[in-house]
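S.K.: Taking the hints into account, I'd like the entire structure generated from these sequences.
From first to last, the protein sequence lines stand for chains A and B.
Residue numbers for the first sequence follow our numbering, beginning at 126 and rising by one.
Residue numbers for the second sequence follow our numbering, beginning at 5 and rising by one.
Calculated from the structure, these hints are not laboratory results.
Hints should not be assumed to be uniformly reliable.
[To be verified] One side only, chain B facing chain A, incomplete, derived with CB under 7 Å:
no.	residue
1	P182
2	L211
3	A246
[What the hints assert, rightly or not] Using C-beta positions, here's what the derived DEER-type ranges look like:
no.	chain 1	residue 1	chain 2	residue 2	range
4	B	Y111	A	V227	23 to 31 Å
5	B	L55	A	K282	41 to 49 Å
6	A	T333	B	S155	55 to 63 Å
7	A	L127	B	D108	21 to 29 Å
[What the hints assert, rightly or not] If you only want the chain B side, here are some residues facing chain A, beta carbon under 8 Å, derived:
no.	residue
8	A7
9	L13
10	M14
11	I15
12	P114
13	I120
14	F161
15	V170
16	F205
17	G227
18	M231
19	E232
20	L238
21	L245
22	L249
23	N253
Predicted model only: the values in this text are computed from it and were never measured.
Note that the Cβ used here is the ideal one computed from N, Cα and C, for glycine as well.
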Amino acid sequence: MLRYALLRVLGAIPTLLLVIVLAFLMVHAAPGGPFDDERVLPADVAANIEAAYHLDEALPAQFARYMSGLLRGDLGPSYRYRDHTVSELIGAGFPLSLQIGVLAVALALMLGITSGTAAALRQGTMLDRVVMSLAMTGISIPVFVVAPVLVLLLAVKLQWLPAGWSGATGAAKFVLPVITLALPQIAYIARLTRASMIDVLGQDFIRTARAQGLGTGALIRVHALKPAMLPVLSYLGPAIAAVLTGSVVVEEVFGIPGLGQFFVRGALNRDYTLVLGIVIFYATLIIALNLIVDLLYSVLDPRVRRR
Amino acid sequence: MKASAAILLMILLIAIVGPWISPHAYQATNFDAILQAPTAAGMRWFGTDDLGRDLFVRTMLGIRITLLVAIVASLVSLVIGVSYGAIAGYVGGRVDAVMMRFVDTLYALPFIFFVILLMVVFERNFLLIFVAIGAINWLDMARIVRGQTLSLRERDFIDAARLSGVSTARIIFRHIAPNLLGIVLVYVTLTIPQAILVESFLSFLGLGVQEPQTSLGALVDAGVNQMEGASWMLLIPATLLAVILLAFNFLGDALRDHFDARQSR
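M.R.: This is the structure:
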């Protein structure tokens with residue numbers, strides 16, 4: 126196990142390096158500098174700014190500087206939010222995004238597994254068909270369509286829930302963002318659970334357990350759930366990536382001051398270092414979480430370690 | 005499957021013909037008629053936006069651009085994916101292993117963030133949107149094509165071609181690629197909704213298509229800002245986008261099931 130874990134961790138390092146190099150090169154391949162504006166700066170002022178941000182150095186030197194900062198957790202200064210470093214901005218935005226993301230993933234797992242299992246147990250019935258059509262709809266319709274329509278319906282028209290973030294108090298303000306973010310994941314997980322549950326329920330050991338008189342509830346809990354959850358577990362990596370992407374939209378729609386909002390603002394303001402820093406941060410997070418999911422998988426299903 | 009195809013054809017037809025029938029131009033503002041609700045009077049079928057522009061014409065333009073971006077981006081991913089997959093599958097051995105390992109590595113990247121980075125760095129270039137979206141979506145295509153190629157290259161007609169001295173490149177592009185057409189077309193119907201999704205996501209954030217041009221994502225974004233007083237601005241493009249995506253997904257799923265069933269028989 127340790128050997129396998131070590132190999133996987135080592136395997137993630139080239140991916141991470143690729144991400145950093147690619148993102149860094151993209152930003153530095155930009156035509157024009159980050160401080161090019163409609164108002165042309167006097168040459169000596171421009172030179173001073175470039176020197177202050179080390180933009181006058183050769184590309185390899187800039188990369189070395191960036192990497193050495195990165196290893197110490199320093200992503201450089203933001204070009205637009207003066208007086209703030211990128212690391213500070215990420216530190217300010219991320220906790221809130223994390224909170225909403227964790228809630229959304231938890232909700233998705235709970236509802237997705239339950240409804241998928243229910244559909245699998247009643248395969249071919251009305252319930253199954255309703256759950257699967259809903260799941261297809263949930264998968265097809267993007268977060269940025271669901272979010273505003275839910276706000277319009279539940280917050281503006283019916284006024285059950287707060288529409289925005291800043292004016293609202295208590296847990297109510299979490300409800301709509303979390304549901305919106307969770308919906309497509311509920312749909313995916315329900316589909317995955319149904320398919321693998323049907324597969325597992327058709328196997329001999331389930332028939333044996335049933336023949337020994339085990340009730341459906343215990344059958345699912347004791348025997349079927351663990352093997353049926355393996356595909357869901359391996360989907361968790363992509364699910365977390367999708368939740369991160371979705372959070373960019375959700376934070377924009379609901380006005381949540383999280384990392385996603387910094388990202389969009391940074392992108393629209395051409396704040397190169399901020400966007401570069403957040404891309405690297407997101408990528409590292411996704412790669413790390415994928416790694417954890419892989420390791421968990423190998424604990425639950427030791428067969429994969431032998432490959 | 006037929007219903008999905010019919011719905012898509014109908015939407016496409018209206019998007020092409022609609023702007024000709026309507027007397028309004030997509031970029032013409034009219035400050036005497038801002039935020040009008042949909043009505044048949046004056047042919048304002050979808051109402052007007054906050055600048056008094058006709059939303060029917062704008063929505064049709066948005067559908068055109070959304071579909072155009074999606075189809076061109078899918079073609080880009082098709083060209084990259086088919087060439088990459090066919091080469092890896094046909095050459096095989098160590099080349100194949102390295103090429104597929106590279107694909108695995110790319111799978112782990114959060115591509116959408118790179119696209120956003122690209123949009124930030126290179127301004128919002130229309131051509132770049134095509135290439136960027138196409139460049140994300142070729143991975144699945146490459147895997148599928150490689151799998152198919154692996155089985156194709158063992159077939160007699162490939163041996164025959166090789167024996168009669170046809171070059172490797174020619175075998176890949178003239179003998180293998182045409183035989184991949186069926187499965188590739190099926191997967192293109194699944195790539196198109198993914199491309200639509202990315203394009204409208206970018207446009208929604210304001211990083212995609214720029215004013216006065218528009219796309220469904222940009223229209224939804226504009227609708228969000230006006231939803232309290234003018235809910236039609238949000239609901240019409242949002243519904244259309246949802247319908248188009250659903251129809252493509254249903255069509256793609258049905259085609260794949262049909263095709264796979266035929267394959268396994």
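S.K.: So, against the hints stated earlier in the document, which numbers end up violated here?
M.R.: Of the numbered hints, 1, 5, 6, 8, 9, 10, 11, 14, 15 do not hold.
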